[in-house]
Amino acid sequence: MSTRKLLAAGTLLALCSAAFAQSPNLGKPISPEDLAAWDISIGPDGAGLPPGSGTPKQGEEVFNTKCQACHGAKGAGQPNDRLVGGMGTLAGDKPAVKTVGSYWPYATTLFDYVRRAMPYVDSKSLSNDEVYAVAAYILSLNGVIGDTETMNAQTLPHVKMPNRDGFIPFHRGE
Amino acid sequence: MKDSPESHEQVAGNGLLHRRMFLAASAAAVGAGIAPSRLSAEPLPVEPWMQIPGAGFVGYGQPSKFEEKVARTWASAPGTTGTGSARTPHQRLNGMMTPSGLHYERSHSGIPDINPDAHRVVIHGLVKRPLVFTVDDLSRYPLVSRIAFLECAGNSGILFQKAPAPVNIQAIHGLLSCSEWTGVKLSVLLEEAGVDASAKWLLAEGADAAGMSRSVPLEKAMDDAMVALYQNGERVRPSNGYPVRLLLPGFEGNMNVKWLRRIKLTEGPTMTKDETSKYTVTLPSGKSLQFVFPMEAKSVITHPSPGLTMRGPGLYEISGLAWSGYGKIAKVEVSADGGKSWGLAALQEPVLPKALTRFRMPWRWDGAPVTLQSRSTDETGYVQPNRAQLIALRGDRGNFHNNMITSWGVSDKGEVKNVYA
Chain A
1 MSTRKLLAAG TLLALCSAAF AQSPNLGKPI SPEDLAAWDI SIGPDGAGLP
51 PGSGTPKQGE EVFNTKCQAC HGAKGAGQPN DRLVGGMGTL AGDKPAVKTV
101 GSYWPYATTL FDYVRRAMPY VDSKSLSNDE VYAVAAYILS LNGVIGDTET
151 MNAQTLPHVK MPNRDGFIPF HRGE
Chain B
1001 MKDSPESHEQ VAGNGLLHRR MFLAASAAAV GAGIAPSRLS AEPLPVEPWM
1051 QIPGAGFVGY GQPSKFEEKV ARTWASAPGT TGTGSARTPH QRLNGMMTPS
1101 GLHYERSHSG IPDINPDAHR VVIHGLVKRP LVFTVDDLSR YPLVSRIAFL
1151 ECAGNSGILF QKAPAPVNIQ AIHGLLSCSE WTGVKLSVLL EEAGVDASAK
1201 WLLAEGADAA GMSRSVPLEK AMDDAMVALY QNGERVRPSN GYPVRLLLPG
1251 FEGNMNVKWL RRIKLTEGPT MTKDETSKYT VTLPSGKSLQ FVFPMEAKSV
1301 ITHPSPGLTM RGPGLYEISG LAWSGYGKIA KVEVSADGGK SWGLAALQEP
1351 VLPKALTRFR MPWRWDGAPV TLQSRSTDET GYVQPNRAQL IALRGDRGNF
1401 HNNMITSWGV SDKGEVKNVY A
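So the protein sequences, as listed, match chains A and B. Note that this note's numbering gives residue 81 to position 81 of the first sequence, counting from 1, and the numbers run on in steps of one. Note that this note's numbering gives residue 1372 to position 372 of the second sequence, counting from 1, and the numbers run on in steps of one.
Mixed in with the good hints, there may be bad ones.
Said to hold, decoys possible - The following residues of chain A were derived to be distant from chain B, with all beta-carbon distances above 10 Å:
id: 1; residue: 31
id: 2; residue: 53
id: 3; residue: 55
id: 4; residue: 57
id: 5; residue: 60
id: 6; residue: 80
id: 7; residue: 85
id: 8; residue: 126
id: 9; residue: 129
id: 10; residue: 153
id: 11; residue: 158
id: 12; residue: 169
Said to hold, decoys possible - Taking lysine-lysine pairs in the BS3-like style, the calculated list, with each CA pair at most 30 Å apart, reads:
id: 13; chain 1: A; residue 1: 28; chain 2: B; residue 2: 1331
id: 14; chain 1: B; residue 1: 1162; chain 2: B; residue 2: 1278
id: 15; chain 1: B; residue 1: 1220; chain 2: B; residue 2: 1287
id: 16; chain 1: B; residue 1: 1065; chain 2: A; residue 2: 94
id: 17; chain 1: B; residue 1: 1328; chain 2: B; residue 2: 1200
id: 18; chain 1: B; residue 1: 1278; chain 2: A; residue 2: 57
id: 19; chain 1: B; residue 1: 1287; chain 2: A; residue 2: 160
id: 20; chain 1: B; residue 1: 1128; chain 2: A; residue 2: 124
id: 21; chain 1: A; residue 1: 74; chain 2: B; residue 2: 1278
id: 22; chain 1: B; residue 1: 1220; chain 2: B; residue 2: 1331
id: 23; chain 1: B; residue 1: 1200; chain 2: B; residue 2: 1331
id: 24; chain 1: A; residue 1: 160; chain 2: B; residue 2: 1200
id: 25; chain 1: A; residue 1: 94; chain 2: A; residue 2: 28
id: 26; chain 1: A; residue 1: 124; chain 2: A; residue 2: 74
id: 27; chain 1: B; residue 1: 1128; chain 2: B; residue 2: 1065
id: 28; chain 1: B; residue 1: 1128; chain 2: A; residue 2: 94
id: 29; chain 1: B; residue 1: 1278; chain 2: A; residue 2: 160
Simulated from the structure, these hints should not be mistaken for lab results. On a predicted model such as this, the values are computed, not experimentally measured, just so you know. The C-beta atom is built at its ideal place from N, Cα and C for all residues, glycine as well.
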């Protein structure tokens, strides 16, 4: 086989091995390190939780400084969302009081949401230790964890939320 | 009105007429609806605009100054100016499309001021090749267009209240709009990244300060999902996700993530705040339905509706919107007697899947109080439930995904209000 034919065959092989040769393929490869600042979602199994830790006591200080103005003392709500209480209100026909304690099925969601969206006027500004601490404080106010428990990447995914089994995947007609 | 020779045209109680009456343009039938006692018109004046040259050109046109009431209304969370929702004024619109500036909006931390040159969309997670795209990159792909409605899952939630709220259609059903969207099929981008066999979901995340994020089944992403760049022919408006939004035709509005910056392929749902603590439907048992994605078949009469007072007995066109997140609208029925009898409405073409469909129905109002309703059936055969049926199924605390029949009460003075029937 001539060199030219070999080159042509090689080119063809390269084209075929590219999964979608007909596609524009304009995306640039990116490494996990380069997208780390954006890769902030936390799975319900704790996947993605960063190093760090915090206790309810540490969280109380952060909460009183950065959260209380919107969520009320001890997370009682007003002017914005209530974060504490409401257990036992989901069934029946009276209004359900849906808080982190009474409704949220996963503690990992609390870390994910506080880190990405709170505090409202300066989101993504808390350190990981602060986020763990605030999560620990809100969980302890709800009686979900003890006053002295430490939240970190190992403990947070294992917190059993009261409404963990309260959700049913929807099927049409339900 | 006494039975006329055209009475065979009546298809349901309280004066509903055959849907083709207007289209057939039967002189006799239409003529019968025009009151013979109308006063003669005034002589026609020559107005100033007929004599003096009009205004010059502008770069971007605006509606007439006489249309300034055609505007969204909104509510924002305490202490915020852009966190909440703004509603489409359906009582002042017609056709099937929503002007981009009147499209409803739901934002969780205001509207970000995104420089498109600095914006990036990254696809990573369970893929062979994590990729990052610029807006220019995405704009170079083969583009597709489709017309699709968007509806917030919280739309019409107020109809669960024990007593009917004295509000208009904008306040009840204003979190609903319809646009033509143009963009890149998400499946093309995912195939370039090479989706791992273990991936069954993806997380879609916005570049807003709330980092709004939702989990989407991979099946939907590979079906008809779009990375939308254009809305009604121009770049997507900032309030609707400029420069890039995710479009999941038929799915609840919240999942159509605006300001899309990241897609992460995962094995299971991420269980974000908005798919657990919100957008779930709590039943009387205390259990909550989760992952209620498509918006159910639904309809509402826009004309007449509260605020649009009728001007005396005579011939009217009842008109409204019908839609289904499961496909095309197959039929819309209208009742003028609170659901006792129904007549078939005409569907305005085009009737497209997962798009708003305009329906029209001729009606001869005799001036007596009536209750108007509309009921849609989609191509899967699903029939829109009435209020009692939906509450029997889910209770009245569900808040989200309320697709019950709306009732408009018309008084003998022609005033229209929200009622339960």
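Cross-check of the supplied hints:
The non-interface label for residue 31 of chain A is inconsistent with chain B: the shortest C-beta to C-beta separation is roughly 7 Å, within 10 Å. With a minimum CB-CB distance of about 22 Å to chain B, residue 53 of chain A clears the 10 Å threshold, and the non-interface call stands. Under the 10 Å C-beta cut-off, the non-interface status given to residue 55 of chain A relative to chain B holds; the minimum distance is some 23 Å. Every Cβ of chain B is farther than 10 Å from the Cβ of residue 57 of chain A; the closest lies at roughly 25 Å, confirming the non-interface assignment.
For residue 60 of chain A, the condition that its CB be more than 10 Å from all CB atoms of chain B holds, with the nearest at approximately 22 Å. With 10 Å as the threshold on Cβ separation, the claim that residue 80 of chain A sits away from chain B is violated: the shortest Cβ distance comes to roughly 6 Å. Listed as a non-interface residue, residue 85 of chain A keeps its Cβ farther than 10 Å from every Cβ of chain B; the least gap is roughly 14 Å. Once the 10 Å rule is applied to beta carbons, residue 126 of chain A is consistent with being away from chain B; the minimum gap is 13 Å.
Distance check for residue 129 of chain A against chain B: the nearest CB is about 20 Å away, which clears 10 Å, and the non-interface claim stands. The beta carbon of residue 153 of chain A is kept farther than 10 Å from every beta carbon of chain B, the shortest such distance being approximately 16 Å. Separation of residue 158 of chain A from chain B is adequate, the least Cβ-Cβ distance of about 15 Å exceeding the 10 Å criterion. Once the 10 Å rule is applied to beta carbons, residue 169 of chain A is inconsistent with being away from chain B; the minimum gap is 5 Å.
A C-alpha spacing of about 47 Å is found between residue 28 of chain A and residue 1331 of chain B, which places the hinted pair above 30 Å, so the restraint is violated. Our distance criterion of 30 Å between C-alpha atoms is met by residue 1162 of chain B and residue 1278 of chain B, whose separation comes to about 22 Å. Distance hint between residue 1220 of chain B and residue 1287 of chain B is fulfilled; the C-alpha atoms sit about 26 Å from each other, no more than 30 Å. At most 30 Å may separate the alpha-carbon atoms for a hinted pair to count; residue 1065 of chain B and residue 94 of chain A exceed this at roughly 47 Å.
Taken as a hint, the residue 1328 of chain B and residue 1200 of chain B pair is honoured in the structure, with Cα atoms around 27 Å apart against an allowance of 30 Å. Taking the CA atoms of residue 1278 of chain B and residue 57 of chain A, the gap is near 29 Å; set against the 30 Å cutoff, the hint holds. Among the hinted pairs, residue 1287 of chain B with residue 160 of chain A is consistent with the structure: their alpha-carbon atoms are about 17 Å apart, no more than 30 Å. In summary, the hint linking residue 1128 of chain B to residue 124 of chain A is supported, as the alpha carbons are separated by about 29 Å, within the 30 Å threshold.
Using a Cα cut-off of 30 Å, the hinted pair residue 74 of chain A and residue 1278 of chain B holds, with the two alpha carbons roughly 22 Å apart. Proximity of residue 1220 of chain B to residue 1331 of chain B is assessed by CA-CA distance (about 26 Å); at most 30 Å being required, the pair is judged to hold. Using a Cα cut-off of 30 Å, the hinted pair residue 1200 of chain B and residue 1331 of chain B is violated, with the two alpha carbons roughly 35 Å apart. With a CA separation close to 25 Å, the supplied pair residue 160 of chain A and residue 1200 of chain B stays within the 30 Å bound.
For the suggested pair residue 94 of chain A and residue 28 of chain A, the alpha carbons sit about 53 Å apart, so the restraint of at most 30 Å is broken. With a CA separation close to 22 Å, the supplied pair residue 124 of chain A and residue 74 of chain A stays within the 30 Å bound. Restraint check for residue 1128 of chain B and residue 1065 of chain B: not satisfied, since their Cα atoms lie roughly 55 Å apart, outside the 30 Å limit. Our distance criterion of 30 Å between C-alpha atoms is broken by residue 1128 of chain B and residue 94 of chain A, whose separation comes to about 50 Å.
For a cut-off of 30 Å, the pair hint linking residue 1278 of chain B to residue 160 of chain A stands: about 20 Å separates their Cα positions.
In summary, the numbered hints that this structure violates are 1, 6, 12, 13, 16, 23, 25, 27 and 28.
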